[in-house]
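Listed here are the chains, written in short residue letters.
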Amino acid sequence: MIEAAAFRQDEPLRRPLRAAALVLVALAAAILVAWAMGNAWWLSFLARVAITATAALSLSCLIGQAGLVSFGHAAQVGLGAYVALIAGEYGIADLTLLAPLAFVVVALWSAVTAALALRTRGVYFIMLTLAFAQMAYFIMQSLSRFGGDDGMALARRATLFGAPVLKTDLGLALAALALLAAALIGFVWMTETRYGLVLRAAKENESRALASGFRVFRFQLYAYALAGGVAALAGVLLANQAEFVSPSYMNWHRSGELIVMVVLGGATSLPGAVIGAAVVLIIEEALGHWTEFWKLGLGLVIVAAVLLRGADLSALFGRARR
Amino acid sequence: MSEAILSLRDLDKSFGALRVTRKVTLDVAPGEVHALIGPNGAGKTTLISQIAGSLKPDSGRVIFAGEDVTHLDAPSRAQRGLARVFQISNVVDSFTVLANVVLSALATETTAWWGWGVAMKDPGLRERAFYALDQVGLVERAPDQAADLSYGERRALELAMGLVQNPRLFLLDEPMAGTGREESRRLTELLRTLKGRTPMLLIEHDMSTVFALADRVTVLVDGAVAITGAPDVVRADRIVREAYLGEGEP
Ligand SMILES: Nc1ncnc2c1ncn2[C@@H]1O[C@H](COP(=O)(O)OP(=O)(O)O)[C@@H](O)[C@H]1O
Ligand SMILES: [Mg+2]
Chain P
0 MIEAAAFRQD EPLRRPLRAA ALVLVALAAA ILVAWAMGNA WWLSFLARVA
50 ITATAALSLS CLIGQAGLVS FGHAAQVGLG AYVALIAGEY GIADLTLLAP
100 LAFVVVALWS AVTAALALRT RGVYFIMLTL AFAQMAYFIM QSLSRFGGDD
150 GMALARRATL FGAPVLKTDL GLALAALALL AAALIGFVWM TETRYGLVLR
200 AAKENESRAL ASGFRVFRFQ LYAYALAGGV AALAGVLLAN QAEFVSPSYM
250 NWHRSGELIV MVVLGGATSL PGAVIGAAVV LIIEEALGHW TEFWKLGLGL
300 VIVAAVLLRG ADLSALFGRA RR
Chain D
0 MSEAILSLRD LDKSFGALRV TRKVTLDVAP GEVHALIGPN GAGKTTLISQ
50 IAGSLKPDSG RVIFAGEDVT HLDAPSRAQR GLARVFQISN VVDSFTVLAN
100 VVLSALATET TAWWGWGVAM KDPGLRERAF YALDQVGLVE RAPDQAADLS
150 YGERRALELA MGLVQNPRLF LLDEPMAGTG REESRRLTEL LRTLKGRTPM
200 LLIEHDMSTV FALADRVTVL VDGAVAITGA PDVVRADRIV REAYLGEGEP
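So the sequences go chain by chain: P and D. Per numbering that gives the first Met the number 0, residue 0 is the first one in the first sequence, and the count goes up by one each step. Per numbering that gives the first Met the number 0, residue 0 is the first one in the second sequence, and the count goes up by one each step.
No lab work stands behind these hints, which were simulated from the structure alone. Mixed in with the good hints there might be a few duds.
[Said to hold, decoys possible] Partial list, computed: chain D residues near chain P (C-beta under 8 Å):
id	residue
1	LEU102
2	SER103
3	GLY116
4	ALA225
In this text, a Cβ means the ideal position worked out from N, Cα and C, and glycines have one as well.
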C-alpha cells in the first residue's frame, strides 16, 4: 500500500496505463486470431466482450472512482440501444450523428435522474438508481411503435461517414475495441486529473471535500452523466451487433451483472472491470450451453473472488451502509 | 466591530429538546486570535459547524467578511475563505500527504478544477503544497500515505490543508488535542507565527496555549456566551473559574 502510494506520487499514471495497454493488446490479439482463423462465432463473442466491458468500465468509474453504486446502469446501455433503433427509424444511422446523439440523450437522462438520486446516499441511492432504470424499462416497453415488449429489429447497421464499417464481424469487433480503448484510457487518465482527484477524495471523505470547498454534488453529477453517455455508446454497438433492440437490455439483472463484473475485477481498478466483464461472459458461455443454472457457477466464482479479495466487496457495501 | 471578519448574531440551534446554541453573538476582528473555551458538551464544535456551514442554525445570522452567509453551504463558505480544522482529524487517508494538500490547494485555484493535466504533476499546485507542508514541518512526509501519519502529524497535515488556501479565517477545533508535547509545542509555535496574518477562532483546552495565543477569549457554557474579554479579564472572572477552570469556591 505504501509502495503503491509512493508509486502514485512519482508516476501516477504509469501502472494503470500499463495494465490498460495489456488488457487492450490481449483483446486485440484475440480478435486478430479469431479473424485469421475465420471463426465468426469467436469474433462476434469478442465484440460482445469489448462492448460489455465498455459498459462495465463506465460503471466502474462510478463505483470505484466516484463511490456511486448504481443498480441501474443497464438502463443507460439499453437507452443507448434505443436511440440507435429510434434514430434508425428516422434514417439517422451514421455514427457521426448517431454516437453524439446517443451520448447526449443518455447523459441528459443520467444527469436528470442523478440530480434526484444524489440527494440520497448509500442504500437509498442504490434503490433510486434501480427505480429510474425500471422506469426507463417500462417507458420503452410501452412504446408499441418501437416494438413494445417484444422489441424490434434495427432498420440497418450504422455507418461511419457513409462507410458500412459495422457490416462485418471484424468491423464490429474493431469498432468495439476502439470504443473500449478510448473509454479505458480516457477514464484512467481522468482519475489523475484535478477532476478525478476531487472525485476520489469525495468518495472516500465527503465531509473533507465539502469543507475544502468542493461542491461534491456537481462533481458526482458530471461523473454520472459521463458514465451514462459512455454506456450509451456501448448500447449503440450492442444494438448494431444484435440488429435488434428490446426492453430486456434494461432488465435489472443485467445491471446486477455489470456490478458483478466491476467487483470481480476489483472495484477500484478500471482495467479490472474489463477483465471482470470477460470472465463473466466466458462463464456464461461455458456454462450456459449445458445448464440453465449457469448463474450458480457465476455465483461460485463470485464467492471465490470475495474470499480472495474481500476488501473490494466490503468497500462496496461499506459505502452502501453509510 | 462593524469591521469584524466574522460576526455571529443571535445564533440559536437545538437538537430536539437539547438547546446547544443559545443566542450566541460574537465577533472576530481581523488579525485577531479569538479563543473559544468551555466545558465538554458546551456546544463549541456545534458552533464551529454552524460557522463553517455544515450545520444550519435554527435562527440568527452568520456574517463573514461583511457578507451574510447564513444560507450558504459549506463549500461556498470555504471558497470565500473559511478554513476548518476538525476536532477529529479529517483527511483523505488513502491519499498521500502531498495529494491531500494539492487537493486543498485546488479548491481555491482561480483556474478551478478542470484541465487535462495530471493534477499531482502541476508545478504550481505542488509548489503551493510544499510551501504549506514546510510551514507545518511535514515536507519529509509528503510521499507517505496520510493513513500512516501519527496523530499529531495528521493535525499538522490538516493545518497545512487550511494554510494552502490562504484562508481569511481559520476555524481550529482543538488542533492540539491528542498530540504529543513536542508536537503540541511546535503547533503552538506555528500558530504564533500565523498570528496577526490570519484571524483564528481557536477552540483549545490547554489554558497555557490559550492564554499565550489569544487576543480575546469567549467562554461558552451550556451553549451560551458566559463572557467575552481579554485573557486576563476572563481568567480572573469568578463565573469562569467555577464553571470551567474547575476552581469552585472554597
Ligand atoms: N448531531 C447531533 N445530534 C444530537 N446532539 C448533538 C449532535 N452534535 C452534538 N450534540 C450534542 O450537543 C452538545 C454539544 O456538543 P459539542 O458542540 O460537540 O460540544 P463541545 O464541542 O463543546 O464539546 C453535546 O451535548 C452533544 O452531545
Ligand atoms: Mg468539541
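_Hint by hint, where does the structure go against what was stated? Just the numbers, ascending._
4
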